[in-house]
Amino acid sequence: MSGKNIIFLVLSLFIPVSLAAHYLEWGDLIVFGTACLAILPLAAWMGAATEEIAVVVGPTLGGLLNATFGNATELIIALVALKAGLVDVVKASITGSIIGNLLLVMGLAMFLGGLRHKEQKFQSVVARVNASSMNLAVIAILLPTAMRFGAQTVSQQTLQHLSLAVALVLIVVYALTLFFSMKTHAYLYEVGVAETVEEEHYSKPNIWLWAGVLLVCTILVALESEMLVASLEVATSQLGLTALFTGVILVPIVGNAAEHATAVTVAMKDKMDLSLSVAVGSSMQIALFVAPVLVLAGWVLGQPMDLNFNPFELVAVAVSVLIANSISSDGKSNWLEGVLLLAAYTVLGFAFYYLPVA
Amino acid sequence: MSGKNIIFLVLSLFIPVSLAAHYLEWGDLIVFGTACLAILPLAAWMGAATEEIAVVVGPTLGGLLNATFGNATELIIALVALKAGLVDVVKASITGSIIGNLLLVMGLAMFLGGLRHKEQKFQSVVARVNASSMNLAVIAILLPTAMRFGAQTVSQQTLQHLSLAVALVLIVVYALTLFFSMKTHAYLYEVGVAETVEEEHYSKPNIWLWAGVLLVCTILVALESEMLVASLEVATSQLGLTALFTGVILVPIVGNAAEHATAVTVAMKDKMDLSLSVAVGSSMQIALFVAPVLVLAGWVLGQPMDLNFNPFELVAVAVSVLIANSISSDGKSNWLEGVLLLAAYTVLGFAFYYLPVA
Amino acid sequence: MSGKNIIFLVLSLFIPVSLAAHYLEWGDLIVFGTACLAILPLAAWMGAATEEIAVVVGPTLGGLLNATFGNATELIIALVALKAGLVDVVKASITGSIIGNLLLVMGLAMFLGGLRHKEQKFQSVVARVNASSMNLAVIAILLPTAMRFGAQTVSQQTLQHLSLAVALVLIVVYALTLFFSMKTHAYLYEVGVAETVEEEHYSKPNIWLWAGVLLVCTILVALESEMLVASLEVATSQLGLTALFTGVILVPIVGNAAEHATAVTVAMKDKMDLSLSVAVGSSMQIALFVAPVLVLAGWVLGQPMDLNFNPFELVAVAVSVLIANSISSDGKSNWLEGVLLLAAYTVLGFAFYYLPVA
Numbered sequence: 001m002s003g004k005n006i007i008f009l010v011l012s013l014f015i016p017v018s019l020a021a022h023y024l025e026w027g028d029l030i031v032f033g034t035a036c037l038a039i040l041p042l043a044a045w046m047g048a049a050t051e052e053i054a055v056v057v058g059p060t061l062g063g064l065l066n067a068t069f070g071n072a073t074e075l076i077i078a079l080v081a082l083k084a085g086l087v088d089v090v091k092a093s094i095t096g097s098i099i100g101n102l103l104l105v106m107g108l109a110m111f112l113g114g115l116r117h118k119e120q121k122f123q124s125v126v127a128r129v130n131a132s133s134m135n136l137a138v139i140a141i142l143l144p145t146a147m148r149f150g151a152q153t154v155s156q157q158t159l160q161h162l163s164l165a166v167a168l169v170l171i172v173v174y175a176l177t178l179f180f181s182m183k184t185h186a187y188l189y190e191v192g193v194a195e196t197v198e199e200e201h202y203s204k205p206n207i208w209l210w211a212g213v214l215l216v217c218t219i220l221v222a223l224e225s226e227m228l229v230a231s232l233e234v235a236t237s238q239l240g241l242t243a244l245f246t247g248v249i250l251v252p253i254v255g256n257a258a259e260h261a262t263a264v265t266v267a268m269k270d271k272m273d274l275s276l277s278v279a280v281g282s283s284m285q286i287a288l289f290v291a292p293v294l295v296l297a298g299w300v301l302g303q304p305m306d307l308n309f310n311p312f313e314l315v316a317v318a319v320s321v322l323i324a325n326s327i328s329s330d331g332k333s334n335w336l337e338g339v340l341l342l343a344a345y346t347v348l349g350f351a352f353y354y355l356p357v358a
Numbered sequence: 001m002s003g004k005n006i007i008f009l010v011l012s013l014f015i016p017v018s019l020a021a022h023y024l025e026w027g028d029l030i031v032f033g034t035a036c037l038a039i040l041p042l043a044a045w046m047g048a049a050t051e052e053i054a055v056v057v058g059p060t061l062g063g064l065l066n067a068t069f070g071n072a073t074e075l076i077i078a079l080v081a082l083k084a085g086l087v088d089v090v091k092a093s094i095t096g097s098i099i100g101n102l103l104l105v106m107g108l109a110m111f112l113g114g115l116r117h118k119e120q121k122f123q124s125v126v127a128r129v130n131a132s133s134m135n136l137a138v139i140a141i142l143l144p145t146a147m148r149f150g151a152q153t154v155s156q157q158t159l160q161h162l163s164l165a166v167a168l169v170l171i172v173v174y175a176l177t178l179f180f181s182m183k184t185h186a187y188l189y190e191v192g193v194a195e196t197v198e199e200e201h202y203s204k205p206n207i208w209l210w211a212g213v214l215l216v217c218t219i220l221v222a223l224e225s226e227m228l229v230a231s232l233e234v235a236t237s238q239l240g241l242t243a244l245f246t247g248v249i250l251v252p253i254v255g256n257a258a259e260h261a262t263a264v265t266v267a268m269k270d271k272m273d274l275s276l277s278v279a280v281g282s283s284m285q286i287a288l289f290v291a292p293v294l295v296l297a298g299w300v301l302g303q304p305m306d307l308n309f310n311p312f313e314l315v316a317v318a319v320s321v322l323i324a325n326s327i328s329s330d331g332k333s334n335w336l337e338g339v340l341l342l343a344a345y346t347v348l349g350f351a352f353y354y355l356p357v358a
Numbered sequence: 001m002s003g004k005n006i007i008f009l010v011l012s013l014f015i016p017v018s019l020a021a022h023y024l025e026w027g028d029l030i031v032f033g034t035a036c037l038a039i040l041p042l043a044a045w046m047g048a049a050t051e052e053i054a055v056v057v058g059p060t061l062g063g064l065l066n067a068t069f070g071n072a073t074e075l076i077i078a079l080v081a082l083k084a085g086l087v088d089v090v091k092a093s094i095t096g097s098i099i100g101n102l103l104l105v106m107g108l109a110m111f112l113g114g115l116r117h118k119e120q121k122f123q124s125v126v127a128r129v130n131a132s133s134m135n136l137a138v139i140a141i142l143l144p145t146a147m148r149f150g151a152q153t154v155s156q157q158t159l160q161h162l163s164l165a166v167a168l169v170l171i172v173v174y175a176l177t178l179f180f181s182m183k184t185h186a187y188l189y190e191v192g193v194a195e196t197v198e199e200e201h202y203s204k205p206n207i208w209l210w211a212g213v214l215l216v217c218t219i220l221v222a223l224e225s226e227m228l229v230a231s232l233e234v235a236t237s238q239l240g241l242t243a244l245f246t247g248v249i250l251v252p253i254v255g256n257a258a259e260h261a262t263a264v265t266v267a268m269k270d271k272m273d274l275s276l277s278v279a280v281g282s283s284m285q286i287a288l289f290v291a292p293v294l295v296l297a298g299w300v301l302g303q304p305m306d307l308n309f310n311p312f313e314l315v316a317v318a319v320s321v322l323i324a325n326s327i328s329s330d331g332k333s334n335w336l337e338g339v340l341l342l343a344a345y346t347v348l349g350f351a352f353y354y355l356p357v358a
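Protein chains in written order, with UniProt numbering: chain A, 1 to 358; chain B, 1 to 358; chain C, 1 to 358.
The shape of chain A in the complex, shown without the other chains:
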């Protein structure tokens, strides 16, 4: 049993602990902390189950499954928070996921990978296509915020209309991206997939077993998310944190922990192409799929969520995208580049920590 699996097993003990903390009323801070920890192994198992099922159902349907469930944890937490009316936390968690994937995950992968390997190379076409899609998606979701620069007063209704229009465009683009990667240009993606599969599978997995795991984990994630969201406001204010900091830094670390673990693990095995695909691909899914789904869901749930972010979030995301592009454009990485990304994340974290509530 690998070290990673032992950690996840230990963390899974927090599932009953968090339930106890909730029902025995041990206080919001403990509920929040244990729910955060309990979600980590569940997210990892959901990811594993999705990949196993994807292998059995074949590349097309499997790819669709991966694309839809890839950010399932993130999406479930966000939907629960949205239903509870924490619109600001949900919006912050979108930009936080993008920043976290590009700086924290990529940074840790390059740093820890670089400690073992003097220079790591990556050249995947997939990473490039993802990067272009991500740039455009990120720009699109930030446009309503940028409108502030153009007019002093933009009505709430205008922002809502524009956000819905942007969300629809993004979902169409996402569907076309899937069509591109599974049908017209599937050959570009074959190397990456083969690499993943080869390592993990020696016998055909039992689809019903894994479907059961996926179902149970999804239900448990939703349950833990409910407790996390219910205790979030009291717990974070006890810790002296703003809603913005919680949404941008804390929630995405919990929601994306599974991708973090994968990206770092494969980077240490010198598979940087796969590592960057996970980090960049996850950012892209957040911007092209999760964000627009949340806008539409907010509209349906009666919790209107526009894409009007705090302008500093716009700056932070723009900066992260520029760095990610600059690093990925030379096709090589070393530990220092990882340090630079982590330093950028640290500095952004300080800024979000100190940023006063508007």
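It cannot be assumed that every hint is accurate.
You can't tell identical chains apart in this list, so a pair holds if it fits in one copy or across any two.
Using 27 Å as the maximum straight-line C-alpha spacing, the simulated DSS-like pairs for lysine-lysine come out as follows [claimed, not checked]:
1) K4 x K269
2) K332 x K121
3) K269 x K83
4) K183 x K269
5) K83 x K4
No lab work stands behind these hints: they were computed from the structure. Only a predicted model underlies this, so the values are computations on that prediction, with no experimental measurement involved.
Based on these hints, arrange chains B and C on the given structure of chain A.
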């Protein structure tokens, strides 16, 4: 006769129709619409005539002609609008032309080219030189706008002085760019020119005939522009459009239609180098030549035009330049990249549509 | 004796002249001008002495010396100005040094180098690593300024805390960068060093002689800086210049003159790798070492200096970094690219000249 020529012949029927609409007072909306359509074939014929004459007079003078008349339609419409005092529309049409060339034209070229050809390559040195010139030109024309970030109140006179100084620097840079491309580094540009020429010419064209065509078309474009500008305000307000949207989206589509057609046509013939040269080169000419000429003309005409744009235009142009660079840096394109550019243009279009009047 | 050395000898006459101007009270304008000119040869000799000593003490300690004394002139002027309470001038000189190195120095190097050599190539890995470090450092020092976009009111204390936190992160990153370049990845930097050394040295330099030169020059630079700073405010207001323009344009030209001369000289000898290393490396040192040291020094000296710049400085630096990246990414340069960089610097200079005092 090619399909393109048939379309232009049909569109040329709108020349008499627009004149009739104007003199018989069929209403501003009809005058505006027919004048827009009438300009399209005239612009195409002006472009064709310029290229024919350029072949006869030799590379140096021909290059100069192409460089000066390449955006003649755009320039004529803008000068007429400037004389009529529509300074905001003129300014918006400058940024709109840059955005339109980089996102709409490049996007359509990559999308339609990519539907026919799985992957299209381009590597021209010319495209790179143009891109660098364009980046710097774009930055220069946006600086007066960016000054707003540095000081709450910048006097109109300061902006006017700065805009004139920037305009003079840009015209000097433009002259040096022509000197570079025709004298010191002409060899870099030979491939592209040869490619164009080879396809179009089998016999030496009659220079007097084409000079006549150029003259007649220029007069007609100016005439149609007068009608377009005179009817613009009433027509667009009847359509519920702001001056900003009209200037950024509508006017550039009419003014740049000829380049659009060329860039898309050659992309479908898998000549992506030429296609991108047209799109990027046109943006560069707008920023390095058309914009400064308009600033100087405004000063002469007593319609002082500074380079103080709506800040959202700055965001939109910055975004377009970043995307164009990101796409052109990998030297390859496919239909999805075209979709992404078109999606970005669509989303920007939505934003300009919803942007309230300041 | 080379032409460069003759110029420096002539300029060194301004050392006694500036002292005379100061003690005989010839007026602030003359003191300021002569002190500026007197600093130029002193900075050049400090640079030469540092390099000579570095050769003797070996690569590790020598590298550390070069890294620490590389921007010594800049740092001394800034510390003197900081002690005198000219915090705004010091802050402006930080961004001005970055802009000046990336646009003015790189531009002059490419322009003058390009006049002699049709096309110049550069491909150094070092330049790339430096560029990534610089991007991140620049982003980090600009973050406190960017916080303004996120909140209308940020308290002075918050900015001070954030600036100190950022300064500490940057100094750690700087130390790691040195560790990277001298220990773990020293082989990447060997080519560049060999190239410099080879040209300059045929016999082992006398370390005590050069240490004496370094000491004397440092003392004289500090003395001239005192006079320069004492006369700065009156002199520049007599010239009609704002503190911002003085800090962004004038001070960095004086402080970085030695690097300017080196970068241009080696570019004319077609050693573009070395030339760009100097320009980009100097920017990186300013952002990673000089700026954080000044923040900490300001805290110690009781002249609290935060990293809250004029927002237009943020725009100017962002623009300069984008251009430098865009130019350096294709690995080639010609005289036109130099012109474009110089044009960008000229236009930024106009903007800073016209920018009203906030």
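Structure-based check of each hint:
1. K4 x K269: within (14 Å within a copy, 53 Å between copies)
2. K332 x K121: Classified as both; 4 Å inside a copy, 21 Å across copies.
3. K269 x K83: This pair counts as neither: shortest intra-copy Cα distance 41 Å, inter-copy 52 Å.
4. K183 x K269: between (30 Å within a copy, 24 Å between copies)
5. K83 x K4: neither (33 Å within a copy, 54 Å between copies)
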